[in-house]
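Chains as they are written, first to last, in my numbering: chain A, 1 to 573; chain B, 1 to 447.
Quick caveat, the hints were computed from the structure, so don't treat them as lab data.
Heads up, some of the hints might be wrong.
[What the hints assert, rightly or not] Within a straight-line C-alpha distance of at most 25 angstroms, the following computed SDA-like cross-link-like pairs (lysine to any residue) qualify:
| hint | chain 1 | residue 1 | chain 2 | residue 2 |
| --- | --- | --- | --- | --- |
| 1 | A | Lys-269 | B | Glu-139 |
| 2 | B | Lys-138 | A | Glu-266 |
| 3 | B | Lys-138 | A | Ala-565 |
| 4 | A | Lys-269 | B | Gly-143 |
[Unchecked claim] Restraint ranges, calculated between C-beta atoms of paired labels, are given here:
| hint | chain 1 | residue 1 | chain 2 | residue 2 | range |
| --- | --- | --- | --- | --- | --- |
| 5 | B | Glu-317 | A | Glu-162 | 17 to 27 angstroms |
| 6 | B | Gly-142 | A | Arg-40 | 36 to 46 angstroms |
| 7 | B | Asp-425 | A | Glu-306 | 35 to 45 angstroms |
| 8 | B | Asp-313 | A | Val-196 | 52 to 62 angstroms |
| 9 | B | Ser-47 | A | Ala-376 | 47 to 57 angstroms |
| 10 | A | Ala-30 | B | Glu-402 | 55 to 65 angstroms |
| 11 | B | Ala-13 | A | Glu-162 | 23 to 33 angstroms |
| 12 | B | Pro-7 | A | Val-196 | 27 to 37 angstroms |
| 13 | A | Arg-559 | B | Ala-13 | 43 to 53 angstroms |
| 14 | A | Ile-99 | B | Ser-47 | 49 to 59 angstroms |
| 15 | B | Asp-425 | A | Ala-329 | 44 to 54 angstroms |
| 16 | A | Glu-302 | B | Gly-131 | 37 to 47 angstroms |
Heads up, the beta-carbon is just placed ideally off N, CA and C, and yes, glycines get one too.
Chain by chain, the residues run as shown.
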Amino acid sequence: MGFPLLARSLIRERNWSLLVDALVFAAILAGIYAVLATVRYWMGVVTPAAHILRSPAALPAYAFYSLMRMAAAYLLSLVFAVAYGYIAAYNRRVEMVMIAVLDILQSIPVLSFLPGVMLAMVALFPTRQLGVELGSIVLIFTGQVWNMAFSFYSSLKSIPRELREAALINRFSATQRFVELELPFGTIGLVWNSIVSVAGGWFFLMACEMFELGHHDFRLPGLGSYLQTAASTGDTAGIVWGLGAMIAVIVLLDQLVWRPAIAWSEKFKMEQVESASEVTSPILHLLRNSEVSRWVEKRAVEPLWERLTTSPPRETPPIARTRSRGRIAGAVLLLALAVAVPYLLVKAVLLLKGLHSVELLATLQAAGASFGRVAASLVIASLWAIPAGVAIGSNPRLAKVAQPLAQIAASVPATALFPVVLLGLVRLGGGLGVGSIILMLLGTQWYILFNVIAGAMAIPTELREAASVFHFTRWQRWRTLILPGIFPYLVTGLVTASGGAWNASIVAEYFHFQGKIMTTLGLGAQISSATDSGNSELLLLSTVVMATLVVCVNRAVWRPLYRLAESRFRLES
Amino acid sequence: MTPAAEPIIEARAIEKFYGLPHARIQVLAATDLTVYAGEILALLGPSGSGKSTMLRMLSGLAAPSSGQVLWHGQPVVGPCPNVSIVFQSFALFPWLTVLDNVEAPLKARGIAATERMKRALRILDSVGLDGFELAYPKELSGGMKQRVGFARALVVEPEVLFMDEPFSALDVLTAENLRSELLELWDGKKMPTRAVFIVTHNIEEAVTLADRVVVLGKNPGHVRTDFRIAMPRPRDHQDPRFVETVDYIYRVLTQPDLAPAPHPEPEAAAVAAGPARGKYPMMPHARPGGIAGLLELLADREGRDDIYHLADDLAFEIDDLLPIVEAASLLGYINVKEGDAELTPEGKRFAEAGILRRKELFRVAAERVPLIRQINRSLANKADHSMPADFFHDLLDEHFSEEETERQLETAVTWGRYAELFDRDSSGRFFIPEEAAQPAGDEAGNR
Numbered sequence: 001m002g003f004p005l006l007a008r009s010l011i012r013e014r015n016w017s018l019l020v021d022a023l024v025f026a027a028i029l030a031g032i033y034a035v036l037a038t039v040r041y042w043m044g045v046v047t048p049a050a051h052i053l054r055s056p057a058a059l060p061a062y063a064f065y066s067l068m069r070m071a072a073a074y075l076l077s078l079v080f081a082v083a084y085g086y087i088a089a090y091n092r093r094v095e096m097v098m099i100a101v102l103d104i105l106q107s108i109p110v111l112s113f114l115p116g117v118m119l120a121m122v123a124l125f126p127t128r129q130l131g132v133e134l135g136s137i138v139l140i141f142t143g144q145v146w147n148m149a150f151s152f153y154s155s156l157k158s159i160p161r162e163l164r165e166a167a168l169i170n171r172f173s174a175t176q177r178f179v180e181l182e183l184p185f186g187t188i189g190l191v192w193n194s195i196v197s198v199a200g201g202w203f204f205l206m207a208c209e210m211f212e213l214g215h216h217d218f219r220l221p222g223l224g225s226y227l228q229t230a231a232s233t234g235d236t237a238g239i240v241w242g243l244g245a246m247i248a249v250i251v252l253l254d255q256l257v258w259r260p261a262i263a264w265s266e267k268f269k270m271e272q273v274e275s276a277s278e279v280t281s282p283i284l285h286l287l288r289n290s291e292v293s294r295w296v297e298k299r300a301v302e303p304l305w306e307r308l309t310t311s312p313p314r315e316t317p318p319i320a321r322t323r324s325r326g327r328i329a330g331a332v333l334l335l336a337l338a339v340a341v342p343y344l345l346v347k348a349v350l351l352l353k354g355l356h357s358v359e360l361l362a363t364l365q366a367a368g369a370s371f372g373r374v375a376a377s378l379v380i381a382s383l384w385a386i387p388a389g390v391a392i393g394s395n396p397r398l399a400k401v402a403q404p405l406a407q408i409a410a411s412v413p414a415t416a417l418f419p420v421v422l423l424g425l426v427r428l429g430g431g432l433g434v435g436s437i438i439l440m441l442l443g444t445q446w447y448i449l450f451n452v453i454a455g456a457m458a459i460p461t462e463l464r465e466a467a468s469v470f471h472f473t474r475w476q477r478w479r480t481l482i483l484p485g486i487f488p489y490l491v492t493g494l495v496t497a498s499g500g501a502w503n504a505s506i507v508a509e510y511f512h513f514q515g516k517i518m519t520t521l522g523l524g525a526q527i528s529s530a531t532d533s534g535n536s537e538l539l540l541l542s543t544v545v546m547a548t549l550v551v552c553v554n555r556a557v558w559r560p561l562y563r564l565a566e567s568r569f570r571l572e573s
Numbered sequence: 001m002t003p004a005a006e007p008i009i010e011a012r013a014i015e016k017f018y019g020l021p022h023a024r025i026q027v028l029a030a031t032d033l034t035v036y037a038g039e040i041l042a043l044l045g046p047s048g049s050g051k052s053t054m055l056r057m058l059s060g061l062a063a064p065s066s067g068q069v070l071w072h073g074q075p076v077v078g079p080c081p082n083v084s085i086v087f088q089s090f091a092l093f094p095w096l097t098v099l100d101n102v103e104a105p106l107k108a109r110g111i112a113a114t115e116r117m118k119r120a121l122r123i124l125d126s127v128g129l130d131g132f133e134l135a136y137p138k139e140l141s142g143g144m145k146q147r148v149g150f151a152r153a154l155v156v157e158p159e160v161l162f163m164d165e166p167f168s169a170l171d172v173l174t175a176e177n178l179r180s181e182l183l184e185l186w187d188g189k190k191m192p193t194r195a196v197f198i199v200t201h202n203i204e205e206a207v208t209l210a211d212r213v214v215v216l217g218k219n220p221g222h223v224r225t226d227f228r229i230a231m232p233r234p235r236d237h238q239d240p241r242f243v244e245t246v247d248y249i250y251r252v253l254t255q256p257d258l259a260p261a262p263h264p265e266p267e268a269a270a271v272a273a274g275p276a277r278g279k280y281p282m283m284p285h286a287r288p289g290g291i292a293g294l295l296e297l298l299a300d301r302e303g304r305d306d307i308y309h310l311a312d313d314l315a316f317e318i319d320d321l322l323p324i325v326e327a328a329s330l331l332g333y334i335n336v337k338e339g340d341a342e343l344t345p346e347g348k349r350f351a352e353a354g355i356l357r358r359k360e361l362f363r364v365a366a367e368r369v370p371l372i373r374q375i376n377r378s379l380a381n382k383a384d385h386s387m388p389a390d391f392f393h394d395l396l397d398e399h400f401s402e403e404e405t406e407r408q409l410e411t412a413v414t415w416g417r418y419a420e421l422f423d424r425d426s427s428g429r430f431f432i433p434e435e436a437a438q439p440a441g442d443e444a445g446n447r
């Protein structure tokens, strides 16, 4: 960050340098061109329903458009998450409200935001492509921002007291405190949550790029639209091409962005001693060693850093100011909420009054059906993932082979696989009623598997040895050692999986396929069809029902289980 | 040191309490304390006496609930203008290099980059960290980390240097080494700092370093004794005056109820009024196993020994040993006199008994402890012999902080379990185990 004189990388040999520099330089040029191209396209005349080419030759351009959309949405999420978490953590008066809001927003499926977001953005820029694009971007944003905001908030809340005091006694300015204490402390949480969020973005890409809204058809050029077009026309070759392109992009992103990011974030660990196994990234290593990036660091990063962290010179430090600015911001926010919430509430109730009791009953039935499906998918996923996860986690050699494979399998967005699965289902003559459970499984089983693997790996060797020494039977071993040992991890996995399953219900219960709509009874299907047909009353009702259901299940089931896991089944070594 | 030395920080009737005005938990009773120029002041006291709270209020990190802190006669709002703190946990920023860590406070003061680096390198050199500028804290040993902590505190040339148990996270040799280097900087006038305020629980450390020692008592925190040590430094640990001073502090710490006799060389001795004890006596946090160990050890030494010797032989810090001594005395197993612990007949019987007999004896003795007695009675009087934890929480809430209430109950459960009087299930409910229900009732009746 700031060692111009004695940068340690100087000592390392650098026989790569020229090639690396050329690559970095090329990457920068390409980046500039990409931004220019995007701007030109966004500022162009609006074409809400682009004609989606079916040739694989169009894929690079589509992948590029999708990537730009994802990047914009992600940056927006990052800024919003940091700001939201910061305000919530430092304003006691609004803290509780803001966190409750986060909790609820997290449980609202992406599609429910669609009509509002889309209409607002198109109204904002009616003549430019930008409006439609922004709509899609904000949509992706609503799917990935909440957990990031929550992560940054809880990081801020858990900064050790003495570090805070060290900043306070030395009178760090607010910006110095932010860049030298708060942001670094939150980085690890942000990086991991970013990965989860962006994966979620890929999951909903198809829904966010191509949809109907009332009588309007929206189709944005991109990978998601390509895949969906291929699926709805039953073009198997197209599906395979699209899927291949998406996997290629995801794998590239993982290698070029996320792995370097994880390796870089290692330095923000709070540990006091150096750990033996650090994540390494050859890309990060190359970047650090290149002339160009060093030049950027020296000319741009360091001066900026210096500007941010250094206070203006002063003789005697001033007596501490009261935080009036933060207080004003909090008060304004609270006031805005106090006006907006009742107004919107009245509007919502008026809207819901137009519904018939038949629709209400149908919604409750649909909720029951989706609930059953979510539960079923969790049970099925647990049935195979727990034994498999324990087997992998208990055997280091197997783990070494199986874990990376499972990670690649998990990084493929399940939605992209839907068409393939549906093809199989149609051939077998199955309907979407059962089929949607399989689709949910595709998206959620990994959460359980990964957590169980981590849990099994965390069981201390001594306990395993004790079980062998005392000749535990298989059943005894599972009951007294393995299940209690993995319990906290399993709960985490199940919570994430159930959230994912609810979200997946939207895309799994309602699908445009081979020129017709495949659908089944369910809350997700109801939300999707309400969006398609522009029935905002029904959309609102089903969204409220789903959010209520998710929040209630969290409170009634997952939170007590979490507490039990934390108090009784924590393995302290 | 002349008594007319210039005061830098003055605390006037500062108090700390939590909670509502009518049911508040007093952490620190109204206290006056002044930090004078030219002195190293050591603050000692058992855990829970508000040492850390005192440091935070004097440095301006925390505001007192009532009373005032003055910096050169001016009331303080927020951190004092020119002080630094060395923390027990080092509190270094793990993502900054050693150099960046030391430069951070200078940046906050708006010092230009070149000047900043010059000053940081100079101070790193003086604490022996030459060559480690670009290392990250996690690459350093504990002692080296604390050197960075010192460098970061000293680089701003603080007028008062606060230290919060700076050596207690280090091993004995490293701590000794750092202490003597600190004294070298101080006595050699190699740092512009005008006063040092150190919180510690290590009595010898206090006597090694300090010009003036203040001992706090607890429930709520208050000053028990405040005296000067006139011996020249470096001080010889075998010197009779050194040993005598250490002994004196031990005596004060082990007799929490007595107003201490003034120290033989009291210059500024301002002994505060007797302790204002809370209504509810606090249970010392000791385990039955630890108490048994202490009694066995005393039995081996003809039933009597100096507590200072015991701590020394066990390589225990005073903070670890005192709760055990206190617990044994509360149970009537020992008498504490003049820094000596003496076994009572009950204590002797306990030390010589086998496991099962010990539990019986402990059961009888534990009835002397108000909290144990109260829990036991409440449970025995209920038909199903059980009670939710909240009931006892509410009972203690008025007297202790939330955290301390939980600790009190935890200790009570440990004792209750050992005595087989009562237990607590995973939901936190207190209950009398089936087989114990009968005898517990009998015993309560017999007494």
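Hint-by-hint comparison with the structure:
1. For the suggested pair Lys-269(A) and Glu-139(B), the alpha carbons sit about 13 angstroms apart, so the restraint of at most 25 angstroms is met.
2. Of the supplied pair hints, the one linking Lys-138(B) and Glu-266(A) holds, its CA atoms being roughly 12 angstroms apart against a limit of 25 angstroms.
3. Using a Cα cut-off of 25 angstroms, the hinted pair Lys-138(B) and Ala-565(A) is violated, with the two alpha carbons roughly 31 angstroms apart.
4. About 20 angstroms separates the Cα atoms of Lys-269(A) and Gly-143(B), which keeps this hinted pair within 25 angstroms; it holds.
5. The hinted window of 17 to 27 angstroms between Glu-317(B) and Glu-162(A) holds, with their beta carbons roughly 20 angstroms apart.
6. In this structure the hint that Gly-142(B) and Arg-40(A) lie 36 to 46 angstroms apart at CB is violated, the actual value being about 58 angstroms.
7. At about 58 angstroms, the CB distance of Asp-425(B) to Glu-306(A) disagrees with the hint of 35 to 45 angstroms.
8. A C-beta distance of roughly 55 angstroms is found between Asp-313(B) and Val-196(A), which places it inside the suggested range of 52 to 62 angstroms.
9. Separated by about 54 angstroms at the C-beta atoms, Ser-47(B) and Ala-376(A) satisfy the suggested range of 47 to 57 angstroms.
10. Under the hint 55 to 65 angstroms, the C-beta atoms of Ala-30(A) and Glu-402(B), about 58 angstroms apart, fit the expected range.
11. For Ala-13(B) and Glu-162(A), the Cβ-Cβ distance of about 28 angstroms falls inside the hinted range of 23 to 33 angstroms, so the restraint holds.
12. The beta-carbon spacing between Pro-7(B) and Val-196(A), approximately 57 angstroms, falls outside the hinted interval of 27 to 37 angstroms.
13. Separated by about 46 angstroms at the C-beta atoms, Arg-559(A) and Ala-13(B) satisfy the suggested range of 43 to 53 angstroms.
14. Hint check: Ile-99(A) to Ser-47(B), Cβ distance near 34 angstroms, so the stated range 49 to 59 angstroms is violated.
15. At roughly 47 angstroms, the beta carbons of Asp-425(B) and Ala-329(A) sit within the given window of 44 to 54 angstroms.
16. Glu-302(A) and Gly-131(B) have their C-beta atoms about 23 angstroms apart, which leaves the hinted 37 to 47 angstroms range violated.
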